[in-house]
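S.K.: Sequences listed follow chains S and X, in order. For the first sequence, position 212 (counting from the first letter as 1) is numbered 212 according to my numbering, and the numbering increases by one without interruption. Position in the second sequence (from 1) plus 1000 gives the number in my numbering.
If you are wondering where the hints come from, they were derived from the structure by calculation, not from laboratory data. Accuracy of the hints is not assured; some may be wrong.
With a cut-off of at most 20 Å between alpha-carbon atoms, the simulated DMTMM-like pairs for lysine to aspartate or glutamate come out as follows [said to hold, decoys possible]:
1) S:Lys262 <-> X:Glu1058
2) S:Lys243 <-> S:Asp24
3) S:Lys254 <-> X:Glu1143
4) X:Lys1250 <-> S:Glu121
5) X:Lys1186 <-> S:Glu134
6) S:Lys262 <-> X:Glu1147
7) S:Lys99 <-> X:Asp1185
8) S:Lys234 <-> S:Asp24
9) S:Lys262 <-> X:Asp1083
10) X:Lys1186 <-> S:Asp250
11) S:Lys186 <-> X:Glu1147
12) S:Lys186 <-> X:Asp1086
13) S:Lys262 <-> X:Glu1230
14) X:Lys1112 <-> X:Asp1086
15) S:Lys234 <-> S:Asp248
16) X:Lys1092 <-> S:Glu268
17) S:Lys239 <-> S:Glu212
18) X:Lys1092 <-> X:Glu1067
19) S:Lys254 <-> X:Glu1147
20) X:Lys1186 <-> S:Glu255
21) S:Lys254 <-> X:Asp1073
22) S:Lys262 <-> S:Glu212
23) X:Lys1090 <-> S:Glu268
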Amino acid sequence: MSEKKSAWERLQLVHNVSRPTIRDYLPLIFTDYYEMHGDRLCGDDKAIFGAIGRLDGRPVTIIAQVKGRDINENKACNFAMPHPEGYRKALRLARQAEKFHRPVICFIDTPGAFCGVAAEERGMGEAIARNIAEFMTLRTPVISIVLGEGGSGGALALGVCDELAILENAQYSVLSPRGFASILWKDASREQEASEIMQITAEDMVRLGVAETIIEEPLGGAHNDLDKISENIKEYLSKIIPKKCEKDIDVLLKERYTKFRKIGAFIE
Amino acid sequence: MFEDLFKVVKKRFNDSEDDYKPMFKCPRCQETSPLIRYEELHRVCPLCNYHGRLSAQERIQITVDKESFCELDSGMTSGNPIDFPDYEEKQKESAEKTGISEAVVTGTATIKGSPCVVGIMDSRYMMGSMGSVVGEKISRAFEYAAENNLPVVMFTASGGARMQEGIVSLMQMAKTSGAVKLHSDKGGLYITVMTDPTTGGVTASFASLGDIIIAEPKVLIGFAGRRVIENTIRQRLPEDFQLAEFMFEKGFVDMIVERRKMRSVLSHLLKLHGYDKKEV
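Make a model of the complete structure from these sequences and hints.
M.R.: Below, the structure written as structure tokens:
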């Protein structure tokens, strides 16, 4: 593993425009994939990608937050900030996966759910809440991987899973460090200080019981060697997916519940 | 002590009337009315019907049957999972100010004879934010209700996730929603009563998962904060944006119920679902 970087240094890597996105990884990890669209209620959110494809020949459902690689792509996918219909599309595809006994693989890469008028009008809170609750009892294995940014409830809506993996330089947090600084200290410019204090790195996630696995990145970050990082992600999935598929589903669900149930620090 | 005296003198000095009358300024209609009138109405604005914030103690008093409340997990306090500076002091201050040990009080009670598990969030305690203790107490409340075939009535009031607990606070959303699902899958009734303010991570977890969602008039309900949205879209938002009536209009609230009728509405709903036997 490359030399340990500070949370702030890693944040720069995560924000690097050349950091690979789900569209880069797809052809290198999956085969025979078909993209699926729409939530059947309101529309199709381009910030959430959904597909059916194969991993090592096994059918799987893929759900991911989509970052753009340039300004036009980013405009189309709203900088990976989903609206409620994005989360409802994700839930529809997850239910479909349950029906056809396919495992679900979620890729998290979002600064957070979109903060806007239409998002509120269509019930952002309800959409996230529903996903969290329904994924908790989804009767098929769910694996989530944080690729870059895992921001807030918008990330957690794809993060209720049997095992969470996180890329070495990725971050997962209750709020972006910038938002955190502006809420708590009323000063967004203290972003760097916030990033160091918030405990948002991959190692922090494992220590706090949020993530189980760290996926190693090539020297200097994922963008330096797309083939290598894709290989590492695929290697992880090829190991974990069959393992979870073999498990009795009721045991799996109990373990999923316990994974989240035990997180917290309190004194009685 | 001298400081207090000085404050009174200063206030009197600035007051044209001889007998100083404390006033309430409504955050919704911006009008002022005598504080005593506002309090007589259990903190409802006499001019615009805005339903103000109640302490957990007051809420219990006006909602459940006298002496029926039996607290669960009283005294549970939070650790400091990410070693956040000054977090312990902040909690101590809040506890002293409010007389409660965390931002939610849970327990068993009866409402006009119907047994239930109730949870009451108190926005005075660190803005009702959800950290480990709120997450744990709410999860336990739902698990207890599932085990004992009881309905749950949850009064929500929160600014969202508790920033001082970092990612651990985010995970409480998963924990509580999981417990709600467990209770629901066992056929239990869950009624959410959204009070001022219900926002952020609480809206995006257990608050939005009620079988029946009730809101008090003119309370704030939303996911993202108003200021955050205004900064994103660079426009001023209309006054009624994210109020209970707005969320009702958009289809996310079943009914808006006034405080003076809440107890009897809850009692009817519990009975409609067959929870009218005495045993707890």
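S.K.: Determine for every hint whether it applies to the structure shown.
M.R.: Hint check results:
For the suggested pair Lys262 (chain S) and Glu1058 (chain X), the alpha carbons sit about 32 Å apart, so the restraint of at most 20 Å is broken. Proximity of Lys243 (chain S) to Asp24 (chain S) is assessed by CA-CA distance (about 26 Å); at most 20 Å being required, the pair is judged violated. Restraint check: the Cα-Cα separation between Lys254 (chain S) and Glu1143 (chain X) comes to about 14 Å, which is no more than 20 Å; the hinted pair holds. Restraint check for Lys1250 (chain X) and Glu121 (chain S): satisfied, since their Cα atoms lie roughly 6 Å apart, inside the 20 Å limit.
The suggested pairing of Lys1186 (chain X) with Glu134 (chain S) holds, with an alpha-carbon distance near 15 Å, which does not exceed 20 Å. A distance of roughly 19 Å separates the Cα atoms of Lys262 (chain S) and Glu1147 (chain X); the hinted pair therefore holds under the 20 Å criterion. Taken as a hint, the Lys99 (chain S) and Asp1185 (chain X) pair is honoured in the structure, with Cα atoms around 18 Å apart against an allowance of 20 Å. Straight-line distance between C-alpha atoms of Lys234 (chain S) and Asp24 (chain S) comes to about 13 Å, which keeps the hinted pair within the 20 Å bound.
Proposed proximity of Lys262 (chain S) and Asp1083 (chain X) is supported: the alpha carbons are some 19 Å apart, at most 20 Å. The straight-line distance between the Cα atoms of Lys1186 (chain X) and Asp250 (chain S) is roughly 15 Å, inside the 20 Å bound, and the hint therefore holds. Distance check on the hinted pair: Lys186 (chain S) and Glu1147 (chain X) sit about 44 Å apart at the alpha-carbon level, beyond 20 Å; violated. About 17 Å separates the Cα atoms of Lys186 (chain S) and Asp1086 (chain X), which keeps this hinted pair within 20 Å; it holds.
With a CA separation close to 37 Å, the supplied pair Lys262 (chain S) and Glu1230 (chain X) exceeds the 20 Å bound. Of the supplied pair hints, the one linking Lys1112 (chain X) and Asp1086 (chain X) is violated, its CA atoms being roughly 43 Å apart against a limit of 20 Å. Only pairs whose Cα atoms come within 20 Å are accepted, and Lys234 (chain S) paired with Asp248 (chain S) is rejected, the gap being roughly 24 Å. With a CA separation close to 16 Å, the supplied pair Lys1092 (chain X) and Glu268 (chain S) stays within the 20 Å bound.
Between Lys239 (chain S) and Glu212 (chain S) the alpha-carbon distance is near 14 Å, which keeps this suggested pair within the 20 Å criterion. Between Lys1092 (chain X) and Glu1067 (chain X) the CA atoms are separated by roughly 28 Å; this puts the pair beyond 20 Å, and the hint is violated. Restraint check for Lys254 (chain S) and Glu1147 (chain X): the C-alpha separation of about 16 Å stays at or below 20 Å, so the hint holds. Between the alpha carbons of Lys1186 (chain X) and Glu255 (chain S) the distance comes to roughly 19 Å, so the proposed pair stays at or under 20 Å and holds.
A distance of roughly 24 Å separates the Cα atoms of Lys254 (chain S) and Asp1073 (chain X); the hinted pair therefore is violated under the 20 Å criterion. At roughly 14 Å between alpha-carbon atoms, Lys262 (chain S) and Glu212 (chain S) fall within 20 Å of each other, so this suggested pair holds. The suggested pairing of Lys1090 (chain X) with Glu268 (chain S) holds, with an alpha-carbon distance near 19 Å, which does not exceed 20 Å.
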